[in-house]
Amino acid sequence: KAGVTQTPRYLIKTRGQQVTLSCSPISGHRSVSWYQQTPGQGLQFLFEYFSETQRNKGNFPGRFSGRQFSNSRSEMNVSTLELGDSALYLCASSFPDRVHTEAFFGQGTRLTVV
Amino acid sequence: GEDVEQSLFLSVREGDSSVINCTYTDSSSTYLYWYKQEPGAGLQLLTYIFSNMDMKQDQRLTVLLNKKDKHLSLRIADTQTGDSAIYFCAETPRGGGSQGNLIFGKGTKLSVKP
Chain A
1 KAGVTQTPRY
11 LIKTRGQQVT
21 LSCSPISGHR
31 SVSWYQQTPG
41 QGLQFLFEYF
51 SETQRNKGNF
61 PGRFSGRQFS
71 NSRSEMNVST
81 LELGDSALYL
91 CASSFPDRVH
101 TEAFFGQGTR
111 LTVV
Chain B
115 GEDVEQSLFL
125 SVREGDSSVI
135 NCTYTDSSST
145 YLYWYKQEPG
155 AGLQLLTYIF
165 SNMDMKQDQR
175 LTVLLNKKDK
185 HLSLRIADTQ
195 TGDSAIYFCA
205 ETPRGGGSQG
215 NLIFGKGTKL
225 SVKP
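Protein sequences appear in the order of chains A and B.
Anchor point for the first sequence: position 74 equals 74 in my numbering, and the numbering is continuous, going up by one each time.
Anchor point for the second sequence: position 38 equals 152 in my numbering, and the numbering is continuous, going up by one each time.
Errors might be hidden in some of the hints.
[As the list claims (entries may be wrong)] When the alpha-carbon atoms are kept at most 30 Å apart in a straight line, the in silico BS3-like pairs for lysine-lysine are as follows:
#	chain 1	residue 1	chain 2	residue 2
1	B	220	B	182
2	B	227	B	182
3	B	223	B	150
4	A	57	B	181
5	B	150	B	181
6	A	57	B	184
7	B	150	A	57
8	B	170	B	182
9	B	184	B	223
10	A	57	B	220
11	A	57	B	223
12	B	184	A	13
13	B	181	B	220
14	B	170	B	223
15	B	150	A	13
16	B	182	B	223
[Said to hold, decoys possible] Quick partial rundown of chain A residues pointing at chain B, CB under 10 Å, derived from the structure:
#	residue
17	33
18	44
19	47
20	57
21	61
22	103
23	104
24	105
25	108
[To be verified] If you anchor each label on the Cβ, the simulated ranges turn out as follows:
#	chain 1	residue 1	chain 2	residue 2	range
26	A	16	B	131	28 to 34 Å
27	A	17	B	191	46 to 52 Å
28	A	40	B	158	21 to 27 Å
29	A	20	B	192	41 to 47 Å
Just so you know, the hints here were simulated from the structure itself, not pulled from any lab data.
For each residue, glycine too, the CB sits at the ideal point set by N, CA and C.
With the sequences and hints as input, model every part of the structure.
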């Protein structure tokens, strides 16, 4: 079956602009999580969505937001971009239940803010 | 606060064993994970261990968990050049049981010399 698909793969934006990234989870997966990866800070959790509701949120400013649609596809938005937002943004999907399940990661969207 | 620490680099010769170490802070973590990231790719789950286990073996991979010292290690037997990648240790935050919200270390870059 198809893996987690993130679009676009690469993006260049200017400071002050906004950007929307998309994540299509594996079919049947209802949980989608977003992470930011930078050389300095490593991988940091942004937020998790499950059944269209934000279930967990990391420690990021309000400029970072997300949503999930009824088909489990998710988008994240970053407004008023700053140079420090340049990073690899990774999305992961899983089918959460009480038993431990594996999360599958997409290849990421590389965002460069200039 | 919650934190996961790893050494940043490890270099080994092909055929040797590699041992990647990790310390974590949250004693209530239910699961601990090892992920692998190859250049330009997302994260791939290698293995995980439940917190009530001391050891888990999966083919060339052996995970050891010392809960008292909050120390996790990943041993790769007969390391191959294809094992060259960045390896991340991760834990679930307090009370979490899914992989929707993980705390990652900064990663250990494994270089395998022929």
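Checked hints:
no. : hint                      : in the structure
1   : 220/B to 182/B            : holds, 22 Å
2   : 227/B to 182/B            : violated, 34 Å
3   : 223/B to 150/B            : holds, 10 Å
4   : 57/A to 181/B             : holds, 27 Å
5   : 150/B to 181/B            : holds, 23 Å
6   : 57/A to 184/B             : holds, 25 Å
7   : 150/B to 57/A             : holds, 24 Å
8   : 170/B to 182/B            : holds, 17 Å
9   : 184/B to 223/B            : holds, 21 Å
10  : 57/A to 220/B             : holds, 20 Å
11  : 57/A to 223/B             : holds, 28 Å
12  : 184/B to 13/A             : violated, 42 Å
13  : 181/B to 220/B            : holds, 21 Å
14  : 170/B to 223/B            : holds, 22 Å
15  : 150/B to 13/A             : holds, 29 Å
16  : 182/B to 223/B            : holds, 26 Å
17  : 33                        : holds, 5 Å
18  : 44                        : holds, 8 Å
19  : 47                        : holds, 9 Å
20  : 57                        : holds, 9 Å
21  : 61                        : violated, 18 Å
22  : 103                       : holds, 4 Å
23  : 104                       : holds, 8 Å
24  : 105                       : holds, 4 Å
25  : 108                       : holds, 5 Å
26  : 16/A to 131/B: 28 to 34 Å : violated, 51 Å
27  : 17/A to 191/B: 46 to 52 Å : holds, 49 Å
28  : 40/A to 158/B: 21 to 27 Å : holds, 23 Å
29  : 20/A to 192/B: 41 to 47 Å : holds, 45 Å
Of the hints listed earlier, those the structure fails to meet are numbers 2, 12, 21, 26, in rising order.
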